[in-house]
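Asker: What follows is each chain in one-letter form.
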Amino acid sequence: MSGLIVDDISMTFELPDGGNVEALKNVSIDIKEGELISVLGPSGCGKTTLLNILAGFLAPTGGKISLNNEVVTGPSSERGMVFQQGALFEWMNVSKNIGFGPSMKGTPQSDINNRVTELLGIVGLQDFSEKMIYELSGGMQQRVALARCLANDPDVILMDEPLGALDALTREKMQSLVLDIWKKTGKTIILITHSVEEALLLGERLIVMAPRPGRIHKQYNLPFAEMGVGADLREVKRHKKFGPTRDEILSMIWDMEEEIMGRTESA
Amino acid sequence: MLQELLDVIVTTLWMIVGISAIFGIFLAVSGLVYFVWNFINSKKDQFRGYGSLKTVTFGDESSVSANRVASISGVITVFLIWMIATGSNLLPFKILPVAFVGDTQFEYTATNAAGDTDKATVKVRVTPFGNSDTEKLVAPETSDGFAKDDVVMVAERRAKLLRAQRNDDGGAEEGFRVTEINGQPIEPNQIVQVDNGSVLMTGAGSLQVRPYTGPTMEALYLPPPEQVWDRFLQLNSEGYQGVGLWENVMWSLIRVVLGFFLGCLFGIPLGFAMGLNSWLRGWFDPIVEFMRPVPPLALIPLVIIWFGIGEQGKVSLLFLAALWIMIIGARAGVSGVNISKVHAAYSLGATKTQLLSKVILPNSLPEIFTAARVAMGVCWGTVVAAELVAAEKGAGKMIIAASKFQLTDIVIIGIIIIGVIGFGIDVLMRMAENKLVPWKGRG
Ligand SMILES: Nc1ncnc2c1ncn2[C@@H]1O[C@H](COP(=O)(O)OP(=O)(O)OP(=O)(O)O)[C@@H](O)[C@H]1O
Ligand SMILES: [Mg+2]
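Protein sequences, first through last, are from chains A and B. The first sequence stops at residue 268 when you use the numbering used here, and every number in between is there. The second sequence stops at residue 444 when you use the numbering used here, and every number in between is there.
This is chain B alone, in the form it adopts within the complex:
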């Protein structure tokens, strides 16, 4: 227990180092671009207006606005780092050396039981990742001496064991050993560098062929942008596992819209009732206050047990995700009404019903919109998570299925689309808010 805790703390400390390094690089690039940009523009803006004299007030967001140039260069930098780290073909030249692919060879010297030595060649063909239809190397039939030539097929960045003595004359005899690689002596557990890679001798005397990997990322972990783009085009036309890309996304969206709609349909009236009537407030308060802090994700197992993995379960889950948020928003909206507005309405001759429909309802709209924005965000996150656990279609289902086959490019496409749609939802909600409750925050 204590040991595990200690391990976690040590890991976290290392993470601090790693994260600092990543941020450091990113910030350094930022600083560089900043100086270059300012240098280019130093003559242009002599006068920046009095706004530039404004001091930064902490917590006052409006005093600092985002610099567009910085935003664009930041995004470009992310892509550049991505391309460099993956050795992308989009770059005009490779900044980091990439992993070796193609044909290479090395020579080994064998010593037989009688103490004679002979040399043979090992031809190595390194095939690109994920490409199984590369032409096979054929072993040469003839060779002089007792050591015979070998061929090895190995996938990019992978290693392969080769018993070079297997086809050699007397290779099975006691005392037959490989002693040199490319003229350099080798013993078990030693490595010799050869062209385009290295060769390791295992403890048992076999050779392990290890083509050069380079410092770039392996496509399995992070595919280069062009591969992701090609996969995107492929998904766009063919879909994945028989379901179209946009069909997957649409299904996620449909679930969110339905769940959110149900949440509003029941949550808003319930919130109003709780804000207006102390009995109903008392009646529902314990349930609402208990359910509110339960993350919707924690309900997924229960929902699966109850409804299975079908649509009903998903929509119910999203309904529950939206419900509490909408209840609390509507409740806060009606109970937050300024008492002088209520008094004003009464002394202008409004009846109770009129007060409710003409004052309390419209007054609560800003709060309801805030809640709706939060609920939409939570629903979108929840639907993806629910699809990860169990679903037949959907953006989450697509990426979890792809991850099982290590199709990292599909996973990345899915993540990007999920992010873009989540952002789009928020932008739409904000636009609706500005249109429908323009007085928000200015009362």
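Same shape as in the complex, but just chain A:
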């Protein structure tokens, strides 16, 4: 069975004071090849932990992950990751950053160059290939991060709040870019976000997680991502089902946040 299978994952962190945190408990998800999934949930519900386990940076304390029938045991270039920020290599220029993955595998330089040129075109940074990372704006940096991830041609792209640090306008452009890339490349994409609107726009399937212990609370199948490909995202947001869905999810998350607050106060 192909695709990414999250099979009954649990993650318990031991704390130095002897206690422990159940960051994830019995999480199972079946993700088909080429699916676009967004993950939403209150702070501390284990989203980053889940993504780190998917990427292979963390070994779960229970359960297992498999990609295309192979059990995941560590990080690999099949599962690319786009970080929120600070993960680009400042000592390399844009081209070198994007070509990092292929060059690690020993791909011939001419092939790398072709790939980099192509990706620079996709993310719209043709004129910035020789610039250093610190000479770019935040939005450009995230486009480099996306291109660097794509350069390796991974099966799955994991994104942890990749657009969280961007301004509204840049963010909207980047959302379109993510949809474009998803459609063009047919990659499986799992994207964590704190923005309900973004989760609706960038998720064929939206997974809402709940905290303590971190678990899947609810899943939605949504039409908006498909609509958004190549279209104006503001148009999509005016769709008659967009508003009500957004409000429903917002109030659900608010309830969860309130419950957390209440619990901390009484504790």
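Quick caveat, the hints were computed from the structure, so don't treat them as lab data. Treat the hints with care, as some may be off.
As the list claims (entries may be wrong) - Derived, one-sided and incomplete: chain A residues facing chain B with beta-carbon distance under 8 angstroms:
1. 78
2. 81
3. 87
4. 92
5. 106
6. 109
7. 133
8. 137
9. 153
In this text the structure is predicted, and so the values were computed from the model without any measurement. For every residue, glycine included, the Cβ atom is placed at its ideal position computed from N, Cα and C.
Start from chain A and add chain B with the ligands according to the hints.
Answerer: Chain B with the ligands alone, transformed into the frame defined by chain A:
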């Protein structure tokens, strides 16, 4: 114990007064120049740009930049104060009266045992400081009366005892005294002002000739700039004690470069190892943490005992001065790597070796450069101090040797050169840093 402590505190209080006075003068000049400058330029800059509206944020260095005019006038002021205080010949006129040099004379009246009085002249020749080949005054052969004329040779700013009655007829008899100087009565422990100086009568009745010193500094303590410059030219061509000026400086630099190189050669790999491996970190941690706060200067005696005063000792000392700094810099560089960079590299397919060479090493370069700058500064300070203690050549050796002969000008030249080179080293390191790790602080 308590008394000593009290003395130190009192001295410190006096120092506060003195330092405030010096700063006060310097600041007053600064304020004066500021007003003059603004007055001259008041018509020129009507519009200063919006930058002038920027408020000063404390701790944010970039919001205030150094005013070049102020910097230049500040330096000029230091030189002016130096020239004024030393009565430099570079000034068109003397602002403070300078010490007397040249010939002068006074007259004394002696009363002999019989109660008769007679006058005689004392010729005084005041020779310039450090100039021993001035022509000697010769005592006049003939003189009428029982009091005979005298001659005195005295160095600038020095005093000289004169037994005026020594050559007088009956001067050795009981009751023979000098009673007047230039017609003014004098008694033991009294001072009479004469032309270009004063005369003190000691308790035993001798005369002490004291040429006028003036409020300017003595060249022994602070030579005027032109003297320092002449000495610099002389050092430049002849060297000092058989070693050329630049040879001395080169030797100091060579030691620093060698010691620093050794420190990097061993410190950087060791720091990396400590940052990457917990066993090695544990193994070396106690040594590094213990040695780090020990000032390298404290090691000088030990190094001399072990290696003597030769080059090996110097280089070892500088190696030790640089080593701990480089270890800690390299260690901080590798352990400070952002975990998401490591994760990114792994998920892009990097192996452990590739991660080390392509991510962790370059990522640590800014920290290593910071450490290298600090280490260079410490090494330069240490080499000078080590040469002060014991060396055959070097900038420090030159100034300590000169200080033993009170050649203050050489000492000052040495200090200036040491300062300039220390500054030059830092500028070079910063230039290298900007060239090699331009992303520093912008990650
Ligand atoms: N290395 C760790 N050691 C101990 N506890 C951890 C560790 N990493 C995460 N946790 C805990 O696990 C829980 C889930 O953390 P996680 O970072 O996955 O949350 P998140 O959903 O990504 O939150 P946010 O939206 O704020 O990023 C939190 O309670 C956190 O304190
Ligand atoms: Mg998170």
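Asker: Run every hint past the structure and note whether it holds.
Answerer: Here is how each hint holds up against the structure:
1. Satisfaction of the interface hint for residue 78 (chain A) is found here, the shortest Cβ-Cβ separation to chain B being roughly 3 angstroms, below the 8 angstroms cut-off.
2. Restraint check, residue 81 (chain A) versus chain B: the minimum CB separation of about 6 angstroms is within 8 angstroms; hint holds.
3. Proximity of residue 87 (chain A) to chain B holds as hinted, the smallest CB-CB distance being about 5 angstroms (cut-off 8 angstroms).
4. Satisfaction of the interface hint for residue 92 (chain A) is found here, the shortest Cβ-Cβ separation to chain B being roughly 4 angstroms, below the 8 angstroms cut-off.
5. Hint status for residue 106 (chain A): holds, given a least beta-carbon distance of 6 angstroms to chain B, under 8 angstroms.
6. A distance limit of 8 angstroms between C-beta atoms decides the matter here; for residue 109 (chain A) the minimum to chain B is near 16 angstroms, and the interface restraint is violated.
7. A distance limit of 8 angstroms between C-beta atoms decides the matter here; for residue 133 (chain A) the minimum to chain B is near 6 angstroms, and the interface restraint holds.
8. Interface restraint check: residue 137 (chain A) against chain B, minimum CB-CB distance 11 angstroms, threshold 8 angstroms, status violated.
9. Given the 8 angstroms rule on beta carbons, the hint for residue 153 (chain A) holds: about 6 angstroms separates it from the nearest Cβ of chain B.
Against the hints set out earlier in the document, violations occur for numbers 6, 8.
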